Amino acid sequence: MKTNDVIFQTVAKVVFFMIIFFAVRIFFAGHYYPGGGFVGGLLTSGAIVLLLLAFDMKTVKKGLPIDFKCLIGLGLLFGAGTAAGSLLFNVPFFTHAYDYFQLPLFGKTSLHTAMLFDLGVYFVVIGVTMTIIQTIGESE
Amino acid sequence: MTVISDIIIVFLLLAGAFLSLVAAFGVIRLPDVYTRNHAASKSATLGVMFILLGTFIFFLAKDGFFSSRLLLGIAFFFITAPVAGHLISRAAYNSGVKMWDKSVRDDLKNKK
Amino acid sequence: MIDIALKLSLIILAIAMLGLVYRLVKGPTTPDRIVALDAMGVNLVSIAAVLSMILNTSNFLDIILLIAILAFIGTVAYAKFLEKGEVIEYDRNQ
Amino acid sequence: MSFQILLNVFLAFLWMFFQMSFSARTFIIGYLLGLIVMIGMRRFFRHRFYLHRVWAVIYLFFLFLFELIKANIDVLKLVLRPKLNMRPGIFALETELKSDWEITLLSNLITLTPGTLVIDVSDDNKTLYIHAIDIGEVSEAVDSIKNSFEKAIMEVSRG
Amino acid sequence: MEILMCMIAGLLFAAAVYLMLSKSLLRIIIGTGLLSHGTHLMLLTMGGLKTGTVPVLGENAAAYTDPIPQALILTAIVISFGVTAVFLVIAYRAYQELGTDNMDQLRGTESDD
Amino acid sequence: MSLLHWAILAPFILAAFVPFVRKKAPSIHTGWFVFVLPVVLFVSFLQYLPVTMNNDSVSKTVSWIPSLGIDFTAYVDGLSLLFVLLITGIGALVVLYSTYYLSKTKESLQHFYVYLLMFMGAMLGVVLSDNVITLYMFWELTSISSFLLIAYWFDRDRSRYGAMKSMLITVFGGLMMLGGFAVLSIMGGTFSIRELAAQAPELNNHPLFLLAMILILLGAFTKSAQFPFYIWLPDAMEAPTPVSAYLHSATMVKAGIYLVARFSPIFAFSSYWFWIVGAVGLFTMVWASFNAVKQTDLKGILAFSTVSQLGLIMCLLGVSSAALYFDSLDDNLYTAAVIAAVFHLINHATFKGSLFMVVGIIDHETGTRDIRRLGGLMSLMPVTFTLSVIGAFSMAGLPPFNGFLSKEMFFLSMVQLTELNLFQLETWGMLLPVLAWIGSVFTFIYSIILVFNVFGGKFQPEKLEKKPHEAPAGMLISPIVLAALVILFGLFPNLLSYSLIQPAAASIVPSIIPAGDQLYVNIYFWHGITVELLMTIGVVAVGIVLYKFLPKWIGLYDYFPGKVTLNQFYNSSLYVAERGSNSLTKAYMTGFIRSYLVYIFAFFIAILGFTMWAKNAFRFDASNTAPIGFYEAGLLVVLCISIVTILMAKSRLTSIIALGAVGYSVSLFFVIFRAPDLALTQLVIETVSTALFLLCFYHLPKLYRHEEKIGFQIGNAIIAAGVGIIVTLIGISAHSTKLFSSINEYYIENTYSKAGGENMVNVILVDFRGFDTLFEISVLSVAALGIYGLIKLRMEKGGEQHENK
Amino acid sequence: MINLPILPILIPLAAAIVLIFLSKSVSAQRIVSVIASTATVISAIIVMAKVKSDGIQTVDMGSWPAPFGITLVSDMLSILLVLTASVITLCVVLYSFRSIGSGRENFYYYPIVQFLLLGVNGSFTTGDIFNLFVFFEIMLMSSYVLIVIGGTKIQLRESIKYILVNVISSAIFVIAVGFLYSVTGSLNMAHISVRISEIGSEPIITVLAVLFLIVFGLKGAIFPLYFWLPGSYAAPPAPILALFGSLLTKVGIYAILRTYTLFFYHDQPFTHDILSMLALLTIVAGVIGALAYRDVKQILIYNIIIAVGILLFGIATMTEESIAGTVFYLIHDMIIKAGLFLLGGIMIYIAGTSNLNKMGGLIRQYPSLGWTFLLASFALAGIPPLSGFTGKLLIVRSGFAESEYVGSIIVLLSSLAVLYSVINLFMAVFWKTPETPLPDVKKRTGLLFVPAAALVVLSVLYGVGTEAVYPYVMQAVDALIQPEIYIDAVLKE
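Chains A, B, C, D, E, F and G, in that order, give the protein sequences.
With the first letter of the first sequence counted as 1, position 31 gets the number 31 in UniProt numbering; the numbers rise by one all the way through.
With the first letter of the second sequence counted as 1, position 49 gets the number 49 in UniProt numbering; the numbers rise by one all the way through.
With the first letter of the third sequence counted as 1, position 87 gets the number 87 in UniProt numbering; the numbers rise by one all the way through.
With the first letter of the fourth sequence counted as 1, position 94 gets the number 94 in UniProt numbering; the numbers rise by one all the way through.
With the first letter of the fifth sequence counted as 1, position 104 gets the number 104 in UniProt numbering; the numbers rise by one all the way through.
With the first letter of the sixth sequence counted as 1, position 41 gets the number 41 in UniProt numbering; the numbers rise by one all the way through.
With the first letter of the seventh sequence counted as 1, position 309 gets the number 309 in UniProt numbering; the numbers rise by one all the way through.
Think of the hints as simulated: they come from the structure by calculation, not from any bench.
Small disclaimer: the values here were computed from a predicted structure and weren't measured.
One thing to keep in mind: the hints can contain errors.
Between beta-carbon pairs, the in silico distance windows are [said to hold, decoys possible]:
hint : chain 1 : residue 1 : chain 2 : residue 2 : range
1    : G       : E435      : F       : I487      : 30 to 36 Å
2    : G       : I46       : F       : V51       : 47 to 53 Å
3    : E       : Q105      : G       : A49       : 54 to 60 Å
4    : D       : K146      : A       : C70       : 38 to 44 Å
5    : F       : Q110      : G       : I46       : 52 to 58 Å
6    : G       : I42       : F       : M1        : 30 to 36 Å
7    : F       : A16       : G       : T436      : 47 to 53 Å
8    : C       : Y90       : F       : A602      : 18 to 24 Å
9    : A       : V14       : D       : E155      : 40 to 46 Å
10   : E       : Q105      : F       : A602      : 23 to 29 Å
11   : G       : L461      : F       : A602      : 41 to 47 Å
12   : G       : V441      : F       : K466      : 34 to 40 Å
Just so you know, even glycine gets a beta-carbon here, dropped at the ideal spot from N, CA and C.
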């Protein structure tokens with residue numbers, strides 16, 4: 001049945017950004033605080049799900065034209081690529097490297113290849129959850 | 001300073017907890033889903049906001065830790081709680097849950 | 001003082017939780033359960049906050065927001081499920 | 001309004017360049033300075049100055065908070081009263097508010113205030129259906145909502 | 001506490017097994033969910049409980065809780081989530097195709113096809 | 001690779017070319033190409049005669065798997081050479097015969113000759129191998145080629161039945177033999193027969209000796225169709241007649257004889273050997289000859305007669321072990337048994353080969369082999385008749401054919417045994433000659449039947465499918481050659497004595513021959529009036545009488561109920577095996593997942609419970625545990641309530657919500673037990689899972705409990721409780737036996753300094769054990785892709801299902 | 001290159017990732033799959049050569065020293081199995097081109113096959129018990145998907161059982177790892193071995209050994225735990241079945257072999273008695289099943305169980321010779337099972353049914369198929385010089401040497417049953433006159449036949465060339481019999 005979801009939709013737009021920001025924070029904090037790519041990814045897809053709930057599949061697809069299955073591939077590519085990067089340096093697979101850099105605006109920041117790996121996890125998780133949800137949603 | 005903050009924290013905590021209890025009590029006691037929803041969406045929300053505020057002050061006072069996440073949490077509740085209540089009631093109504101038999105009026109029945 | 005208050009509020013919250021569980025189990029209608037569940041989510045946030053004070057660590061603060069988010073999404077999803085029978089519509093204008 | 005905020009931000013950056021410092025602190029100082037300058041120049045803007053609206057928001061917020069607490073006390077009373085003597089019901093409320101934002105805000109506020117809970121919105125966004133826990137004085141309730149919330153919101157959005 | 005947790009894990013296992021032995025597909029899947037909860041709790045217990053603070057550095061603590069079981073559980077949680085998802089979808093499709101969620105009607109011996 | 005190896009491999013190599021030849025030259029009978037090979041081999045192996053006559057041997061080795069002591073050692077001594085000559089000689093004749101027997105247009109000759117060559121090579125391999133493993137390899141290959149040959153006309157049910165039967169029984173024997181070889185090699189530490197034989201005295205005292213012997217004898221008995229394994233041989237007669245002549249009378253079935261002979265040096269000291277081999281052989285002989293009489297199919301008669309004759313040889317080989325107890329060679333009467341065995345082996349090959357070919361001719365010319373339909377062919381097929389008389393009389397043991405000589409020697413050995421004080425012969429000894437005599441009487445009878453029921457009596461052309469006439473000359477060549485040999489060996493037995501029999505016998509009983517000495521074999525036609533001659537006369541007399549009154553007593557066979565025959569046993573055991581396992585399988589492979597789970601969990605409970613009990617593994621040590629706080633207690637209550645709710649729930653939504661409650665309680669446990677990452681993850685995952693549950697189960701029907709009976713539920717509950725208790729007990733024990741400190745110290749120390757992080761769990765996940773995580777997300781990816789495919793791809797509605805029916 | 005052992009895992013992973021992106025183009029997927037599988041085979045060969053010359057190769061993931069990080073250990077056993085698995089996968093991929101159907105090809109069949117290979121190779125290679133779990137899971141997850149992909153009724157029905165059983169086994173696996181961690185405080189298998197040997201035989205270790213036996217036994221389909229297998233394996237089409245039949249159960253067996261030689265060897269009288277008893281029961285159960293059905297798939301599937309029993313018996317005997325036999329037989333069985341299932345798939349494809357009673361007479365139109373199948377059948381039954389023989393001989397011999405007479409004879413007799421079942425199958429499919437005459441038009445099976453026949457040829461070569469394989473196998477056995485070799489290589493002490 002058709003309902004007027006104006007309240008929900010309006011709020012969802014706001015909350016979406018809140019969740020996304022929170023997710024990104026959780027993702028970046030992973031190495032130092034609880035969190036990480038996995039939870040971050042799940043939260044991000046949670047945000048997308050919220051949009052899906054408030055609107056519908058068609059609208060969201062138009063707004064976010066991403067093939068989530070390719071996102072899975074991309075994530076795996078990040079993950080495996082980061083790990084395989086060590087092959088180039090002839091150090092054991094999965095050897096991470098990190099250093100501290102002075103960056104404008106951010107200040108002293110550690111850049112860590114593990115972060116790239118975590119990014120892979122993040123993408124995969126988004127891809128996986130969204131693929132599942134979309135597929136089931138479309139199955140009607 | 002610590003004493004004052006302690007008092008504030010204790011107050012907020014207990015008030016929050018009490019409100020939550022009231023909400024729960026309301027949810028148990030009130031007769032139909034709409035009225036229960038009143039209890040849940042108001043008291044529980046305020047209760048949790050009190051407690052979060054207390055926590056915020058707790059960490060601020062103890063560690064000097066300014067937890068933006070707590071503030072964010074409060075804001076989040078502020079925004080979402082009424083929407084959740086609204087959606088639940090609407091869902092209940094649309095799925096045909098009857099109102100309490102002492103209810104007196106239903107304008108929604110003849111919705112355009 | 002704070003310790004006592006913390007424990008006390010935890011107990012109160014736990015009692016509130018049990019009350020909600022009663023409503024959850026009892027029903028009688030599904031929306032009643034959803035109301036209870038929503039309230040439980042909110043309550044859970046309170047409990048997590050109190051617990052993080054008891055454990056005296058800020059590491060759980062993320063969880064608080066997380067629970068809030070999830071509870072909201074969950075409630076919304078349940079409500080929508082109840083109302084429309086499906087959680088995600090393909091095209092709502094049909 | 002957005003123009004004003006942008007201008008303010010621009011001023012803040014300008015300040016940062018002058019100061020050759022790119023920290024958040026400098027930005028805030030720049031912003032405040034810009035604000036002061038803009039207050040001084042406010043009559044040159046075609047619209048009302050945006051700080052006015054900020055004030056309206058703050059007002060709304062406190063109104064809201066106040067109502068919220070009141071609502072809780074009401075619920076408290078209701079729940080703790082040994083006998084349930086209340087007359088719940090759903091009534092319709094015509095609103096003058098138009099945009100999605102406004103309606104959302106209004107219904108959120110209504111939901112958080114004493115004894116009322118928005119159940120549905122009509123398809124043309126003109127009528128809110130509100131469940132009241134004690135429907136005794138509907139007209140009173142409608143009036144109070146119209147007077148306090150709707151006005152406050154209009155203050156924010158239309159200003 | 002550890003002893004108690006072992007018992008709880010055992011209880012979860014028992015409940016899971018009981019559900020799995022029933023005839024309704026949904027109960028079976030719920031059983032697998034309980035099973036994974038049981039394993040995770042058991043794994044956590046095996047690392048020892050509450051022997052230190054949260055395994056995040058900078059908490060000025062003398063001892064930390066064993067982080068290894070936590071990492072293992074995390075992996076296990078994710079994996080069991082994947083399995084549950086696949087299982088659910090298969091159940092859903094099976095119901096669509098076969099028209100029942102009663103395991104008795106889902107028997108089908110090897111020879112008939 | 002020596003010439004010997006090439007000789008063994010030559011048939012295989014030629015076999016590879018046969019299909020090619022068949023294709024390229026369809027107008028020439030493929031048999032002619034094949035014929036060359038056995039002839040060449042026969043001639044070339046004749047060159048070894050001087051060597052073996054000197055009691056020397058030749059051995060050449062090619063390594064195959066030297067690391068395991070498995071080498072391809074070709075070894076020629078008297079015994080092998082005898083067999084090689086038989087194989088190639090008869091082989092040549094059979095191939096020659098087959099060129100006339102099998103039509104080059106109608107039959108798929110390429111298959112026939114490939115199989116035949118395969119067999120020939122395999123048989124050469126068996127008799128020339130010194131290594132038991134290669135011997136076994138060729139042994140099985142003979143079984144396989146026999147299988148293929150029997151099933152040559154595979155359209156016929158009986159062919160396939162016979163093929164399977166022969167295969168099963170002979171492979172069974174082969175496998176047992178392999179076991180025996182394995183045991184022998186454990187005892188002797190080598191796979192080489194000669195090296196094993198050299199250690200014979202030590203092996204005799206080994207505890208595994210008897211096992212090895214029995215296992216190896218099983219191989220020999222099955223191959224040589226001894227009682228009770230003979231049943232495959234009559235059914236093997238479904239093969240084309242040349243095959244029957246070659247494999248199933250002259251060569252393959254003699255592989256068992258060869259094996260017994262070959263292993264005599266190792267085993268023959270044992271009284272078990274004497275009794276088992278002797279008794280089985282003798283009994284087989286009597287039993288088979290008795291059964292042969294009632295057969296109506298000519299090839300059936302020949303099959304049983306083959307069994308019987310094989311029994312005879314087997315018996316001789318068995319009793320020959322008595323000879324080993326006498327040191328001096330000169331007055332050792334018991335070597336006669338060995339010599340008789342070898343001699344009869346040759347004789348049997350000649351007369352039985354010719355008889356098979358004769359039967360083949362009859363079959364070919366009349367279209368039937370049923371003696372009830374045949375008769376009076378004497379005048380129509382005179383040559384064939386003559387040949388069959390020669391063969392049959394030799395078989396019956398009548399002079400002047402070679403069968404007479406060996407039969408006499410057989411009687412002689414049997415009679416001599418009664419005088420022996422060995423192996424408890426004093427009690428049972430008398431049975432031997434008596435049984436031997438009875439067997440011979442029946443042998444005589446069926447031989448007579450073979451000749452006179454076919455060629456004598458009344459000609460019944462109406463029962464025949466075609467008009468019989470004498471066979472073409474080419475077809476007669478082979479039987480004539482064999483018949484000639486029958487007479488030749490009968491008249492001049494000593495042609496063979498020095499060249500073949502003596503070296504072969506010497507290889508069987510090497511231990512009684514002193515170094516530098518030789519076994520002397522001299523076979524006389526006339527011994528004077530001896531016991532054995534009297535026995536022969538008795539055989540003839542009684543035999544003729546019985547033959548005359550055959551219709552009077554043939555009813556005797558009806559007293560042997562058909563149901564208890566060995567064939568019935570074979571059939572019904574196969575039937576039982578298939579049916580029984582089918583119904584057994586149906587009984588436990590119910591298709592109910594519940595049954596499988598019950599088996600699994602029952603096993604889980606039983607074996608772990610047993611282990612815990614047997615090893616006394618339960619430990620309880622509460623000293624190192626954390627105290628129980630009150631929030632934990634509260635949480636536990638919530639958890640338990642939720643679990644109970646799930647168990648009791650009647651609606652699916654309730655169960656799903658309760659499951660969610662369990663999940664959230666678990667995540668609160670994670671909070672309490674200081675695992676923030678886990679708590680975060682668990683919370684999110686729980687929510688997503690719950691959402692998935694709802695998504696999927698919207699489409700499912702209401703949860704109803706399918707009228708589960710109370711007994712069903714109690715059973716489930718007991719199993720469930722068992723599993724829970726076991727898990728708990730092991731958990732407590734494992735926790736109470738923390739024997740080592742954990743490796744986690746390293747992580748705690750290095751998280752910041754080496755991995756540049758602070759959240760240990762996350763650092764472990766992405767760095768220390770990031771490898772796990774990489775594959776964990778792969779698991780997720782597979783799941784997602786799978787779900788996508790699962791929902792989108794519906795094969796049964798579209799095409800694409802050729803394989804999924 | 002110090003990262004060699006990772007290659008047989010990394011290449012399939014990389015291929016799978018690429019294939020995910022290529023889901024739209026079937027032909028590109030095929031090309032990439034073949035290239036990747038070939039590359040995997042080549043890399044495995046390179047690693048094997050390296051292991052042969054330099055001994056066990058290890059890689060400490062992330063440069064974290066051995067007991068702390070995850071260590072990949074390519075000893076000879078691992079790499080031999082990896083090589084075999086890769087070769088089989090290559091053949092199956094080739095076979096799939098014409099048999100799997102474009103539906104499945106479009107829906108991620110190829111990447112999932114690569115994931116499966118990755119899981120299998122990883123399970124063979126890893127030196128960390130929890131990592132083993134992860135690899136098991138990826139293998140299982142791929143198998144869940146493969147078993148159900150296509151979504152036919154029987155697939156759906158059977159996959160539920162399959163998943164349920166495996167979920168249980170995974171759960172037990174996790175808690176078993178937890179218990180082991182609690183007792184020994186380590187996850188690295190070599191390290192666990194060191195620690196266990198310090199305390200000798202502790203009762204709880206025995207209990208854990210049995211627990212792990214259940215876990216791996218569920219995967220490997222040993223006696224009371226195999227019931228799920230026949231039904232589940234019958235569901236998917238032939239190439240997938242070939243992968244399952246040849247790889248999945250063998251991973252379970254490998255895990256038993258590894259754990260029972262590396263660290264659960266302190267209470268042999270108890271554990272190995274249980275093992276050998278279960279082994280024999282498994283054989284008997286397999287034989288009963290193989291005799292019971294008149295269905296191509298079922299007969300072959302029950303033969304898997306028989307082989308599992310034989311392998312388990314070899315492990316239970318636990319002498320150098322029996323372990324050598326087990327390794328020989330393990331590799332043989334992987335190859336020949338894959339070949340047989342592929343051949344069986346062709347037969348089913350031609351006949352349109354897998355019911356023996358409805359088949360027949362194929363030999364006239366498809367002689368090479370028939371003879372190849374017969375050859376494979378003999379290899380399966382262990383007729384020398386084909387591949388099954390050496391392993392079986394060694395197992396039987398060591399069984400006799402260890403006074404396991406009954407067991408050895410059962411193993412021997414099982415060959416007979418195997419032979420009977422497959423020859424029966426052969427006769428019914430190829431020789432028997434079919435009830436309905438076959439159509440005159442011959443179906444094109446060339447592309448299907450080549451990979452299947454290649455496997456059979458490989459098996460023959462493996463049997464005849466036992467001597468060439470022998471030093472490799474013995475190197476594998478050395479590391480199994482003397483855990484110190486393995487431990488030293490991993491912990492580098």
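For each hint, the structure was consulted:
Hint check: E435 of chain G to I487 of chain F, Cβ distance near 54 Å, so the stated range 30 to 36 Å is violated. Checked against the given bound of 47 to 53 Å, the beta carbons of I46 of chain G and V51 of chain F, roughly 52 Å apart, stay inside it. Distance hint check: the CB atoms of Q105 of chain E and A49 of chain G are about 55 Å apart, consistent with the given range 54 to 60 Å. Checking the proposed 38 to 44 Å range against K146 of chain D and C70 of chain A shows it is violated: the Cβ atoms sit about 52 Å from each other.
Q110 of chain F and I46 of chain G have their C-beta atoms about 44 Å apart, which leaves the hinted 52 to 58 Å range violated. At roughly 33 Å, the beta-carbon separation of I42 of chain G and M1 of chain F lies within the given 30 to 36 Å, and the hint holds. Between A16 of chain F and T436 of chain G the beta carbons are some 36 Å apart, a value that contradicts the proposed interval 47 to 53 Å. Between Y90 of chain C and A602 of chain F the CB atoms are about 47 Å apart, so this pair departs from the stated range of 18 to 24 Å.
Take V14 of chain A and E155 of chain D: their Cβ atoms lie about 20 Å apart, and the range 40 to 46 Å is violated. Look at Q105 of chain E against A602 of chain F: about 24 Å separates their beta carbons, and that is inside 23 to 29 Å. For L461 of chain G paired with A602 of chain F, a C-beta distance near 44 Å keeps the hint of 41 to 47 Å intact. With their beta carbons about 38 Å apart, V441 of chain G and K466 of chain F fall inside the hinted range of 34 to 40 Å.
Violated hints for the displayed structure, listed by number in ascending order: 1, 4, 5, 7, 8 and 9.
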